[in-house]
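These protein sequences, in sequence, are chains U and V. Quick note: the first sequence uses the UniProt record's numbering, first residue 1, plus one each step. Quick note: the second sequence uses the UniProt record's numbering, first residue 1, plus one each step.
Quick caveat, the hints were computed from the structure, so don't treat them as lab data. Watch out, some of these pointers could steer you wrong.
Okay, derived cross-link-like pairs now, SDA-like style, lysine to any residue, Cα gap no bigger than 25 Å in a straight line [claimed, not checked]:
(1) Lys647(U) to Glu40(V)
(2) Lys663(U) to Arg43(V)
(3) Lys657(U) to Thr39(V)
Covered stretches of chain V, going by a simulated chain U footprint (3 or more residues, C-beta under 8 Å) [as the list claims (entries may be wrong)]:
(4) 43-50
(5) 86-100
Where a beta carbon is used, it is the ideal one built from N, C-alpha and C, also for glycine.
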Amino acid sequence: MIPNFENFQSKFIEEALDNISDLERALLELELSPNNKELLEQVFRVMHSLKGGGAMFGFDKLSEFTHRLENIYDMIRSGKLLVSQDLLTVTLNSVDLLRDLLDVSQVDDINTLQKYKDLTFEIDQVLQSETLNMINSVQSSVGNIKVSGVENDDVKQMTTYYIHFYPGPMVLKYGTNLLYLLEELKSLGNLFAIPRMAKVPDLDTFDSDKSYVYWDLFISTDMGQNAIIDVFMFVEDESIIEIHSIGKHDLFKNKRFKKRLDEILKTSDEIELSDFTGFLGEEPVAANNRENIMSGEALNNVKESNGKGRSTSSIRVSADKLDGLMSLVSELVITQERLNSISSKYQIPELKMVTETVQKLTGNLRDSAFSMSLIPIENMLTRFQRLVRDLSGQLGKKVRFVATGTETELDKTMIDSLTDPLLHIIRNSIDHGIESPEIRQKNGKSQEGEIRLEAEYSGANVVLRIKDDGAGIDPEKIRQKAIQKGLISDGQILTDQELLNMVFLAGFSTSDQITEVSGRGVGMDVVSRNILAIRGETTIESTPGKGTTITITLPLVLSIIDGLLVRIANTQYVIPLSLTDRIYPMDSEKLDNNFLNVMTLNGIQYPFFNLRKEMQINGQIPKRCQMVVVNHSGFKIALSVDQVIGKIQAVLKPLGKLYHSQKMISSATIMGDGSIALVLDVNTFIREAME
Amino acid sequence: MSNNDANKINSYLSFRLGEEIFALHVSKVHKILEVTNITEVPRSPDYMKGVINLRGNVLPVVDARVKFGMSPIEKTKSTSILVTEINVGGEDVMVGLMVDGVHSVLKLESEDLLPPPNIGNRYRSEFISNMARVKDKFFIVLNIDAVFSSEDQVSIKELSMVKEHVINENATVETDPASMK
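From just these sequences and the hints, can you work out the full model?
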């Protein structure tokens, strides 16, 4: 690949999107623990890198916008602002905008621009109002001098301070020589002064009576903070002075610190306190925590600066490369099967040994290649949390979102096609399931509803459950609706479960009102269809008044399975090994003379299906056949086949679009000898056979 | 797509279904195979003959005769499978088209190609991409995408009638300029 600007740009976009996702997650967590400094730092860090990267790669709008956000979070971080609900809402909305701003096709879109304008306005307002608050609170305490960091005046100890000194324009009028002031400061200890000329105007507008320069000062002194405040005594009314303690010892002895100072001097960047948090002996602590600190803890634990502690435990690989690897492994598996058949044909001991070793290696390689494309479902959660937060606020409901088993991994393609159905289910739960706080209280529930996402492994499947403790679905309501829509007749008797399952039918929506959120009647049927497309299954349970649970069962991997190879007439079929339980021999006659479709095998009664009959396969029926017992949603069901051939690794190949109506055969696989075996979708087969 | 490039090539592959000759643009045909073992897929439409192994991939095979409303193919020496690339619902898929025999590759200049006849709603002419005239003989250049986008059978009788219509029309009047694009 030629490293050109476009490449870097697309890399930046990719990384920025990741960063934005991190940001979103951090913001949602921040809402739960607003005082978490680490999260604040993370938020700030992301914004900072978005700002920088954005400017570098030509995303000026993005950079400009994040700069505003960064300002806000800088103020929060330095304790000038508190994390408020409003602020988080604005920021989360901004996160969406940030994504749009990264999309080249959208950045000049009229809607985007409007959104940009609106949000900038909101942000400015927040900034303004909070700045006012800040000024008020500061004036009521120590004039214009804002002090952060905790000071213990009794112990005269070497401390390094950062002072932001912004003289008011009128200071010179009163005859103060600012340079003397700095001289005086210098007498207290080591001083490093960075003059800032940014505000100095052009010569024509220059007023020699006014002060334009401001300073960023670093001083290490053992005289205590009050001594510094005293220096500024005559200018403090006019000026803005911030004093931060950034280290409980002489930082000028620290080489890294000095280097940093030199850098700042050169670049004339705005100073961000975060640049020095690495040197902070302690996090800046709010005043009410003063006692704790004064009781004296280890003061000199200088932390490593951010970023250095993070090691690279993962690398980024493009999805194309993974897909490439996967198809290579698939071909290897097919070739392996061919080797197996050759080896068993010639029965050479040496060949057999090698074949077995290669087989084992292939199996391991297959497993580890697959594990690479597995992603924990945790990655989807941010979107759900966001949905719950936004939507419940919009609908005036209180909803808590809890996720368990988030480490459960699924194939990345599955994760992709799962997100939308899950979003839809959660949306339904908030809109129709969870009641308003008043109703919940009246019904003796806690005001806050709960939506749980539970994920777990179950055999060769992953089971996802979305539970809400809302109103549940009234089967009677479904019945009425179904009659009204002509789906069932008036007198038709259906069990509650059968009624519930009707929500999966197309064009069915139980909500009385069609809301903006959900209930357009294109809901659950689309969900279940999308899940079916990735060979999953959707079921629903609901208790009126107690809540609804929707369960999604998915296969672990999509493209290679261990299978049981069987034969019916001349065609070979594969039954997923994960579903098979036992195999019994049987006389074919017994199948035909059985009207109950129940077979007793080894003393246990199984319902059974004759595959030959269900598949409408004609031809000579062999005298003896075999019964394969499979698991189907908790039941054991026997399937009759002509002959069980053996175990096989099946690389699943789709049958293609022309066979889309064929649901019982999910795919095909190429055998070692080049022939084709059809892979039976056991669940669909049994479901269809039962109807 | 390289449609422009493909369109510059004026070669067509003609094949036989029963007595009727059809043609496909060569860009649609990837290769021609002899009939090998076809694995039948149970409970699928009649015209779906089954699947074969095409270099490690599964290729569905269609009995073109059945799709065109004729009796199923009886395998002879000339029976072949045309591996064609078709577009179904915006997606390119490979399909094996089993035909009675492959005829020849024809070069057709644009003046040999007539637009599909517009004869109202009586016949479904969407399956016809062009009518081709070679030495006063007419045959149908198929719109293979349309053929496979439809679940229904394509009626060979209908197609024959459309062809007759074109023959008659061209026998009396020289191509009506109004029906040209």
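Pair hint outcome, Lys657(U) versus Thr39(V) [Cα-Cα no greater than 25 Å]: 17 Å, holds
Quick one, are Lys663(U) and Arg43(V) close enough, alpha carbons at most 25 Å? 10 Å, holds
Given the proposed pairing of Lys647(U) with Glu40(V), does the C-alpha separation stay at or below 25 Å?
22 Å, holds
Examine the stretch 86-100 of chain V for residues whose CB is less than 8 Å from any CB of chain U, and state whether their number is three or more.
holds (count 6)
Within 8 Å of chain U's CB atoms, at least three CB atoms from the stretch 43-50 of chain V: coverage verdict: holds (count 4)
Every hint from the earlier list agrees with this structure, and none is contradicted.
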